[in-house]
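Place chain A on chain W using the hints.
As given, the protein sequences belong to chains W and A, one line each in that order. The first sequence begins at 1 in this note's numbering and counts up by one. The second sequence begins at 1001 in this note's numbering and counts up by one.
It is worth saying that the hints were derived from the structure and are not from the lab. Since we're looking at a predicted model, the values are computed, not measured. Heads up, the beta-carbon is just placed ideally off N, CA and C, and yes, glycines get one too. A few of these clues could be false.
As the list claims (entries may be wrong) - Ranges of calculated distance between the beta carbons of each label pair, as one might list FRET restraints:
{"hint": "1", "chain 1": "A", "residue 1": "Q1060", "chain 2": "W", "residue 2": "N38", "range": "24 to 34 Å"}
{"hint": "2", "chain 1": "A", "residue 1": "P1008", "chain 2": "W", "residue 2": "H45", "range": "18 to 28 Å"}
{"hint": "3", "chain 1": "W", "residue 1": "E5", "chain 2": "A", "residue 2": "T1057", "range": "34 to 44 Å"}
{"hint": "4", "chain 1": "W", "residue 1": "E53", "chain 2": "A", "residue 2": "G1016", "range": "45 to 55 Å"}
Unchecked claim - As a list, the in silico DSS-like pairs of lysine-lysine whose alpha-carbon atoms are at most 25 Å apart:
{"hint": "5", "chain 1": "A", "residue 1": "K1064", "chain 2": "W", "residue 2": "K98"}
{"hint": "6", "chain 1": "A", "residue 1": "K1055", "chain 2": "A", "residue 2": "K1066"}
{"hint": "7", "chain 1": "W", "residue 1": "K98", "chain 2": "A", "residue 2": "K1041"}
{"hint": "8", "chain 1": "A", "residue 1": "K1041", "chain 2": "W", "residue 2": "K26"}
{"hint": "9", "chain 1": "A", "residue 1": "K1055", "chain 2": "W", "residue 2": "K98"}
{"hint": "10", "chain 1": "A", "residue 1": "K1020", "chain 2": "W", "residue 2": "K98"}
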Amino acid sequence: SQQGEEDPQALSIQEGENATMNCSYKTSINNLQWYRQNSGRGLVHLILIRSNEREKHSGRLRVTLDTSKKSSSLLITASRAADTASYFCATDLSNDYKLSFGAGTTVTVRA
Amino acid sequence: GAVVSQHPSRVICKSGTSVKIECRSLDFQATTMFWYRQFPKQSLMLMATSNEGSKATYEQGVEKDKFLINHASLTLSTLTVTSAHPEDSSFYICSAREGGRTGELFFGEGSRLTVL
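Same shape as in the complex, but just chain W:
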């Protein structure tokens, strides 16, 4: 079942700006992952953050996790047109790789 909710549903920014999206979930998790999906394509894994971690970086991506608030955020810095995609958070409750996905945030980066 879908556990995560993402906010905002859609985001439109100018190239070079930062994009921030949030994910909230309901139950305790083992880890939380962020994925990108280009229109009509499969998912690309971006970053995984474990329940005992608070922040992770990967290139222009920064992910935070607050287990007390059951929320995570994904920040994309210095956005590019190629970052235009839908972004999903997914929670893994027991490290069994059965992911429960959020509703996604559609990001449009204007050139």
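Below, chain A without anything else, positioned relative to chain W:
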């Protein structure tokens, strides 16, 4: 990185026919594969977990007789939509868990099914 191939990428069929979708791990052995369904502009919903050599485990609300899953080898899982109807039209995506030390998860490109 590892590659998961799905075939066909698009399929159009008539109502009442059955459609098979393949999910292959091309350069690694996948002990577990997962099948998801995605409606337009919506999230992915897990349908079932497929383990090599054993019966698939279906999520609540997913009809196992409707969505037949076979995981005959460590590199191939198939999803067959039986007696397809227009409401089965959707984007189906598989993911495969690498069976080695890393146990990473890789997603296929998805298969778009349209039932007329």
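Against the structure, the hints:
no., hint, in the structure
1, A:Q1060 with W:N38: 24 to 34 Å, "30 Å, holds"
2, A:P1008 with W:H45: 18 to 28 Å, "24 Å, holds"
3, W:E5 with A:T1057: 34 to 44 Å, "26 Å, violated"
4, W:E53 with A:G1016: 45 to 55 Å, "50 Å, holds"
5, A:K1064 with W:K98, "18 Å, holds"
6, A:K1055 with A:K1066, "15 Å, holds"
7, W:K98 with A:K1041, "21 Å, holds"
8, A:K1041 with W:K26, "22 Å, holds"
9, A:K1055 with W:K98, "16 Å, holds"
10, A:K1020 with W:K98, "23 Å, holds"
Hint 3 from the earlier list is the only one contradicted by this structure; the remaining hints agree with it.
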